[in-house]
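K.L.:
Residues per chain, in single letters:
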Amino acid sequence: GQSLEQPSEVTAVEGAIVQINCTYQTSGFYGLSWYQQHDGGAPTFLSYNGLDGLEETGRFSSFLSRSDSYGYLLLQELQMKDSASYFCAVRALDSNYQLIWGAGTKLIIKP
Amino acid sequence: EAGVTQFPSHSVIEKGQTVTLRCDPISGHDNLYWYRRVMGKEIKFLLHFVKESKQDESGMPNNRFLAERTGGTYSTLKVQPAELEDSGVYFCASSQTDRNTEAFFGQGTRLTVV
Chain A
1 GQSLEQPSEV TAVEGAIVQI NCTYQTSGFY GLSWYQQHDG GAPTFLSYNG LDGLEETGRF
61 SSFLSRSDSY GYLLLQELQM KDSASYFCAV RALDSNYQLI WGAGTKLIIK P
Chain B
1 EAGVTQFPSH SVIEKGQTVT LRCDPISGHD NLYWYRRVMG KEIKFLLHFV KESKQDESGM
61 PNNRFLAERT GGTYSTLKVQ PAELEDSGVY FCASSQTDRN TEAFFGQGTR LTVV
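Listed in order, the protein sequences are those of chains A and B. So the first sequence is numbered by this note's numbering: it starts at 1 and just counts up by one. So the second sequence is numbered by this note's numbering: it starts at 1 and just counts up by one.
Please keep in mind that the hints were generated in silico from the structure rather than gathered at the bench. The structure displayed is predicted, hence computed values, not measured ones. Just to be clear, a hint being listed does not mean it is correct.
Each pair of labels, with its calculated beta carbon distance range [claimed, not checked]:
no. : chain 1 : residue 1 : chain 2 : residue 2 : range
1   : B       : T70       : A       : S27       : 31 to 37 Å
2   : B       : S53       : A       : V13       : 46 to 52 Å
3   : B       : T76       : A       : T44       : 23 to 29 Å
4   : B       : P61       : A       : I108      : 43 to 49 Å
5   : A       : P111      : B       : E102      : 40 to 46 Å
6   : A       : T23       : B       : T73       : 17 to 23 Å
7   : A       : S67       : B       : E102      : 21 to 27 Å
8   : A       : N21       : B       : E102      : 48 to 54 Å
9   : A       : R59       : B       : N63       : 41 to 47 Å
10  : B       : T18       : A       : G1        : 29 to 35 Å
11  : B       : T20       : A       : D52       : 41 to 47 Å
12  : A       : I17       : B       : E102      : 20 to 26 Å
Cut-off 27 Å, straight-line C-alpha distance, at most; resulting in silico cross-link-like pairs (DSSO-like, lysine-lysine) [said to hold, decoys possible]:
no. : chain 1 : residue 1 : chain 2 : residue 2
13  : A       : K106      : B       : K44
14  : B       : K15       : B       : K51
15  : B       : K78       : A       : K106
16  : B       : K41       : B       : K54
17  : B       : K44       : B       : K54
18  : B       : K44       : B       : K15
19  : B       : K78       : B       : K41
20  : A       : K81       : B       : K41
21  : B       : K78       : B       : K44
22  : A       : K110      : B       : K44
23  : A       : K81       : A       : K106
To give an idea of the chain A side of the interface with chain B (calculated C-beta under 10 Å), a few residues [what the hints assert, rightly or not]:
no. : residue
24  : G1
25  : L4
26  : P7
27  : F29
28  : S33
29  : T44
30  : F60
31  : F63
32  : A89
33  : S95
34  : Q98
35  : A103
36  : G104
For glycine and all other residues, C-beta sits at the position ideal for the given N, C-alpha and C.
Model the full structure from these sequences, guided by the hints.
P.N.:
Here it is, written out as structure tokens:
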């Protein structure tokens with residue numbers, strides 16, 4: 001079956017770098033997306049990886065290794081406003097290409 | 001440009017009652033999705049519309065859930081009769097293409113069934 005694993009919570013210090021990992025198990029992998037959600041808010045798209053390697057968008061980067069069924073989101077120069085939940089989501093053949101989501105990682109940033 | 005809007009933002013109903021959730025997607029987005037997140041768990045896919053047609057409804061939990069998108073614009077999701085396990089946050093999202101990597105989400109409707 002399909003499954004995604006990501007840590008439930010990560011704590012980091014303002015100004016630091018943090019990496020949120022995501023491992024997945026699925027068939028017919030198509031791509032890995034990352035979304036950010038602040039409490040009570042809408043999930044917001046951050047990045048997408050369809051091919052192996054690193055995608056960079058400002059302070060955020062996302063990495064994918066299809067052979068390892070693994071990806072991560074890297075957040076640099078952490079700011080207090082980055083405190084939120086981060087979700088990885090996979091699109092795959094065995095889900096009719098619909099997004100399958102992880103349970104989310106709550107990122108806590110301390111001053 | 002207006003984003004995806006959902007109404008109501010919160011709803012508290014008694015078991016056995018009916019609730020209808022509404023979603024207005026971004027104008028011009030043919031693809032509309034419904035998702036649900038039960039407390040602390042993953043977001044789960046419910047249904048995908050392309051214009052007014054149901055492209056994929058494999059995530060709908062049972063026949064107490066009915067989604068419509070008449071005219072291919074806004075969509076409604078009706079739960080009738082509601083059960084306790086239906087509680088959660090219902091998200092709507094829209095996108096321009098069906099394989100689009102980026103979907104735009106509404107803020108969700110928090111449904112509590114008591």
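K.L.:
Against each hint, give a clear statement of whether it holds in the structure.
P.N.:
Tested hints:
1. T70/B / S27/A: 31 to 37 Å: 35 Å, holds
2. S53/B / V13/A: 46 to 52 Å: Hint holds: Cβ distance 49 Å, inside 46 to 52 Å.
3. T76/B / T44/A: 23 to 29 Å: Given range 23 to 29 Å: holds, Cβ gap about 24 Å.
4. P61/B / I108/A: 43 to 49 Å: 32 Å, violated
5. P111/A / E102/B: 40 to 46 Å: 32 Å, violated
6. T23/A / T73/B: 17 to 23 Å: 39 Å, violated
7. S67/A / E102/B: 21 to 27 Å: Cβ of S67/A to Cβ of E102/B: about 25 Å, so the range 21 to 27 Å holds.
8. N21/A / E102/B: 48 to 54 Å: Because 22 Å falls outside the window, the suggested range is violated.
9. R59/A / N63/B: 41 to 47 Å: 46 Å, holds
10. T18/B / G1/A: 29 to 35 Å: 33 Å, holds
11. T20/B / D52/A: 41 to 47 Å: 44 Å, holds
12. I17/A / E102/B: 20 to 26 Å: Cβ of I17/A to Cβ of E102/B: about 25 Å, so the range 20 to 26 Å holds.
13. K106/A / K44/B: 18 Å, holds
14. K15/B / K51/B: Since the Cα atoms of K15/B and K51/B sit roughly 32 Å apart, the hinted pair is violated (cutoff 27 Å).
15. K78/B / K106/A: Since the Cα atoms of K78/B and K106/A sit roughly 31 Å apart, the hinted pair is violated (cutoff 27 Å).
16. K41/B / K54/B: Distance ~26 Å between K41/B and K54/B Cα, so the pair holds.
17. K44/B / K54/B: Holds. K44/B to K54/B sits at ~17 Å (cutoff 27 Å).
18. K44/B / K15/B: 22 Å, holds
19. K78/B / K41/B: Holds: K78/B and K41/B sit about 22 Å apart, inside 27 Å.
20. K81/A / K41/B: 23 Å, holds
21. K78/B / K44/B: Answer holds: K78/B to K44/B is near 17 Å, not above 27 Å.
22. K110/A / K44/B: 31 Å, violated
23. K81/A / K106/A: Cα-Cα ~13 Å, so holds.
24. G1: 13 Å, violated
25. L4: Holds, about 7 Å.
26. P7: Nearest chain B Cβ about 14 Å off; hint violated.
27. F29: It is violated, given that the least Cβ distance between F29/A and chain B is near 13 Å, above 10 Å.
28. S33: Where the cut-off is 10 Å and the nearest Cβ of chain B is about 6 Å from S33/A, the hint holds.
29. T44: 7 Å, holds
30. F60: 14 Å, violated
31. F63: 16 Å, violated
32. A89: Since chain B brings a Cβ to about 8 Å from A89/A, closer than 10 Å, the hint holds.
33. S95: Because about 7 Å separates S95/A from the closest Cβ in chain B, which is inside the 10 Å limit, the hint holds.
34. Q98: 4 Å, holds
35. A103: 4 Å, holds
36. G104: 7 Å, holds
Checked against the numbered hints given earlier, this structure breaks hints 4, 5, 6, 8, 14, 15, 22, 24, 26, 27, 30 and 31; the rest are met.
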